[in-house]
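Participant: Listed here are the chains, written in short residue letters.
There are 2 protein chains.
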Amino acid sequence: MLFKFQKHLSENLPFLREKKLLLAISGGIDSIVLAQLLRQSGYAVSLAHCNFNLRGSESDGDEQFVRNFAAENNLEVFVTHFDTERFAQDNKLSIQLAARQLRYIWFHQLLEENNLDFILTAHHLDDNLETFLINFTRGTGLEGLTGIPVQNDKIVRPLLKFSREEIQNFASENKIEWREDSSNASDKYLRNKLRHDIVPILKSLNSSFLNSFQDTLSHLNQSKSLAEDASVLVYKQVVTEKENQKFFRLFDLKRLPNYEAYLFEWLRPFGFTAWKDISNLTEAQSGKFILSDKFRLLKDRDFLILEPILEKDERIYEIEDDAGIDFPIKLKLETVFQSDKTSNPAAIYVDKEKLKFPLTVRKWQEGDYFCPAGIDGKKKVSKYFKDEKFSLSEKENTWLLVSDQEIVWIIGKRQDRRFYSKNNTTPILKIALL
Amino acid sequence: MLFKFQKHLSENLPFLREKKLLLAISGGIDSIVLAQLLRQSGYAVSLAHCNFNLRGSESDGDEQFVRNFAAENNLEVFVTHFDTERFAQDNKLSIQLAARQLRYIWFHQLLEENNLDFILTAHHLDDNLETFLINFTRGTGLEGLTGIPVQNDKIVRPLLKFSREEIQNFASENKIEWREDSSNASDKYLRNKLRHDIVPILKSLNSSFLNSFQDTLSHLNQSKSLAEDASVLVYKQVVTEKENQKFFRLFDLKRLPNYEAYLFEWLRPFGFTAWKDISNLTEAQSGKFILSDKFRLLKDRDFLILEPILEKDERIYEIEDDAGIDFPIKLKLETVFQSDKTSNPAAIYVDKEKLKFPLTVRKWQEGDYFCPAGIDGKKKVSKYFKDEKFSLSEKENTWLLVSDQEIVWIIGKRQDRRFYSKNNTTPILKIALL
Chain U
1 MLFKFQKHLS
11 ENLPFLREKK
21 LLLAISGGID
31 SIVLAQLLRQ
41 SGYAVSLAHC
51 NFNLRGSESD
61 GDEQFVRNFA
71 AENNLEVFVT
81 HFDTERFAQD
91 NKLSIQLAAR
101 QLRYIWFHQL
111 LEENNLDFIL
121 TAHHLDDNLE
131 TFLINFTRGT
141 GLEGLTGIPV
151 QNDKIVRPLL
161 KFSREEIQNF
171 ASENKIEWRE
181 DSSNASDKYL
191 RNKLRHDIVP
201 ILKSLNSSFL
211 NSFQDTLSHL
221 NQSKSLAEDA
231 SVLVYKQVVT
241 EKENQKFFRL
251 FDLKRLPNYE
261 AYLFEWLRPF
271 GFTAWKDISN
281 LTEAQSGKFI
291 LSDKFRLLKD
301 RDFLILEPIL
311 EKDERIYEIE
321 DDAGIDFPIK
331 LKLETVFQSD
341 KTSNPAAIYV
351 DKEKLKFPLT
361 VRKWQEGDYF
371 CPAGIDGKKK
381 VSKYFKDEKF
391 SLSEKENTWL
401 LVSDQEIVWI
411 IGKRQDRRFY
421 SKNNTTPILK
431 IALL
Chain F
1 MLFKFQKHLS
11 ENLPFLREKK
21 LLLAISGGID
31 SIVLAQLLRQ
41 SGYAVSLAHC
51 NFNLRGSESD
61 GDEQFVRNFA
71 AENNLEVFVT
81 HFDTERFAQD
91 NKLSIQLAAR
101 QLRYIWFHQL
111 LEENNLDFIL
121 TAHHLDDNLE
131 TFLINFTRGT
141 GLEGLTGIPV
151 QNDKIVRPLL
161 KFSREEIQNF
171 ASENKIEWRE
181 DSSNASDKYL
191 RNKLRHDIVP
201 ILKSLNSSFL
211 NSFQDTLSHL
221 NQSKSLAEDA
231 SVLVYKQVVT
241 EKENQKFFRL
251 FDLKRLPNYE
261 AYLFEWLRPF
271 GFTAWKDISN
281 LTEAQSGKFI
291 LSDKFRLLKD
301 RDFLILEPIL
311 EKDERIYEIE
321 DDAGIDFPIK
331 LKLETVFQSD
341 KTSNPAAIYV
351 DKEKLKFPLT
361 VRKWQEGDYF
371 CPAGIDGKKK
381 VSKYFKDEKF
391 SLSEKENTWL
401 LVSDQEIVWI
411 IGKRQDRRFY
421 SKNNTTPILK
431 IALL
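Taken in sequence, the protein lines are chains U and F.
If you count the first sequence from 1, position 128 lands on 128 in the UniProt record's numbering, and the numbers rise without skipping.
If you count the second sequence from 1, position 160 lands on 160 in the UniProt record's numbering, and the numbers rise without skipping.
Keep in mind that the hints were calculated from the coordinates and are not lab data.
One or more hints might be untrue.
Identical chains blur together in the list; that is why a pair holds if it fits in one copy or across any two.
What the hints assert, rightly or not - Straight-line alpha carbon distances no greater than 35 angstroms define the calculated DSBU-like cross-link-like pairs of lysine-lysine that follow:
| hint | residue 1 | residue 2 |
| --- | --- | --- |
| 1 | K203 | K92 |
| 2 | K20 | K276 |
| 3 | K354 | K378 |
| 4 | K161 | K395 |
This is chain U alone, in the form it adopts within the complex (with noise of 0.2 angstroms):
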């Protein structure tokens, strides 16, 4: 195996030589194999062992082991110890996420402080194998099927192309010693039921299953990869961006056979799986939404809007006196003797003796309703956005300028005629948004 090694470094990786290397080694056989064959390839390779104490003694064995194992092969060793589980529990982690986000942090905090230039992890080729049936076991997609890369950045992965036997034998011929690997993988159970009863099964119909396999993973990349150039390609040709709503217009895009498609592509990393209810929603009535974590996805008219949920200003805001307010919004109240009439949206001439103060601002509220100027009668605040089809966004971002429970204002956009002045005999106030 040492030979393929080189020779599998030197044809795929060949950058990796004269470069200084940080190996994360668990002590386990992978890590083990990966940091003899390193070092007898002439690799310059320094060690980094996390003991996360998840396993009391047996963590603090693996960490003897791997120490004595760098003193024997005059390797340097970094060390560090985590306290797993409270960090899990502060961050709402599962114990598996939070030992791989404390160990990526500080293998890349290593890389700086020590000048190396890679990362270098010992998954192979049946670990990919055991993802691949995991992942299809469970139901996926094709990023579920394509396997981790043997590179990504700064991470480098060179046994992805050996079989665990390979790796195996390499060890018993070369009397290796290693710790028995007691996995604290969340998917233990399913990734032995796949090794022990599946794999074999597999191996035993296509005696070169393993490289089949190997091109099966590089077919799907590929189609991976021309998928995300679609998804690129056909989202500059259907999507407009404005500040942090993005368009899609539902025109152009469904004259594309497989719209839903891109749309599901698009929207996944925004948190949308309920693959119905988009498909339904680019057929809803304007105003319906559907919700994921943080973003909305609002039919409006002829597009699709995305836009991250903003938490709802609750607050009241007070106007104690004619000087107006800075925030949330820029009023600014002046008495003045005669009504501009210019038509000015952004101002409003009011019976001064009719406001009682302080005046509020506040986003609306069901049951809101005013009079609006023009016309006769009420009318439900609600009923008034959706006449004028304002847009979720434009509804929750919309002001209200209130009097004793009573809207003088829905600022910006439209007044109330029961705070008219009448006459020049009382004040003026204009109140103006700037």
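Knowing the structure of chain U, use the given hints to seat chain F on it.
Facilitator: Here is chain F on its own, set in the frame of chain U:
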């Protein structure tokens, strides 16, 4: 299951209602159950049974069973006999492929002759799962993992969302009888092994595995449609088609980080599968090429050129006299009194007395040389082609005019100076390419 079946049809295949359906029926459990479900749901269905004569009396037993089933249920039935082995032999096909071709040709004929609308087959979800696993076991790309579709064109598969178990339960609950299917599938051993050894484990690891598998299929189909879009979009950007040649512009292509994935997508339909060879060819020197059964992929300066392999015409065509020839090219011979000095590559003037009739027209052969007009000495024709940067297909499409083994003209390209007419005392022959 009847209710679920009816719901499925009205929701997902509403167009089948009121249509005349032709059900492909083997007599096995799947097709018999589908026939019952359709009949009980009030669909207008006729039956089509193929006797492939591959299993002697068993085949005849199947036929009789289907005839009886049709009679008992008052259904129209079409039956045909095939000499499958002979068809396979005559057409150099496997028995499976032969049977498949025979039956679909016949089904489509029946559709036409009897004014029927759709062919129905009884493929179910476990069939799709087994095919997925077979392809996965052998190594495949995305196309091998996307299953057969519910519909392509005239063929519809109404049971594709149903499991084998549902079908079996329906059969036993309704005391339906069927013929045990001793399938001829070439993958029978593999299929059975997967069905009995692997699928049960997968189902035990995830109690809704078949649902997850359906999701997987649907996601993979979406990704496939995106990958196909990218393939078409990028093809338009980097490929020029000219007659029967396709020019892949390497400069544009290689700006794509995943250009190899595109090349592979585009070239696979032409029988190119040697992945590394294609990749190497993009870096190879001009003139290198690789072959598939019927196509050649040629590196030619900044292009890869894909072209059909034309059978090289080895024949020799004789020109008996001044009349010229019409085939394989049109040459007109004419005695004139003076050379026309305007340079016209489509015509030459030669000393008629230097020619030996019959002249011949043929393609170039290894070892051919000539004395090119305008330079001293002689030159190999192959060297001339190379200097003039002829592509392989240009070389093969070039005709030579030959007089007694001596090349008179590389037709349309370059004259041989040995046949120049030197004075006006001997007759001049004008030879023109029309």
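Participant: Tell me, please, which holds for K161 and K395 at an alpha-carbon limit of 35 angstroms: within, between, both or neither?
Facilitator: neither (56 angstroms within a copy, 44 angstroms between copies)
Participant: How would you label the pair K354, K378 (within, between, both, or neither) given a Cα cut-off of 35 angstroms?
Facilitator: For K354 and K378, only the intra-copy Cα distance (18 angstroms) is at most 35 angstroms; the inter-copy one is 111 angstroms.
Participant: From the Cα coordinates, with 35 angstroms as the cut-off, is the pair K20 and K276 best called within, between, both, or neither?
Facilitator: Between copies, since 31 angstroms is at most 35 angstroms while 50 angstroms is not.
Participant: Between K203 and K92, at a C-alpha cutoff of 35 angstroms, which is it: within one copy, between copies, both, or neither?
Facilitator: Answer is between: at 31 angstroms across copies they meet the 35 angstroms cutoff, but 40 angstroms inside does not.
Hint 4 alone, counting from the list given before, is not met by this structure.
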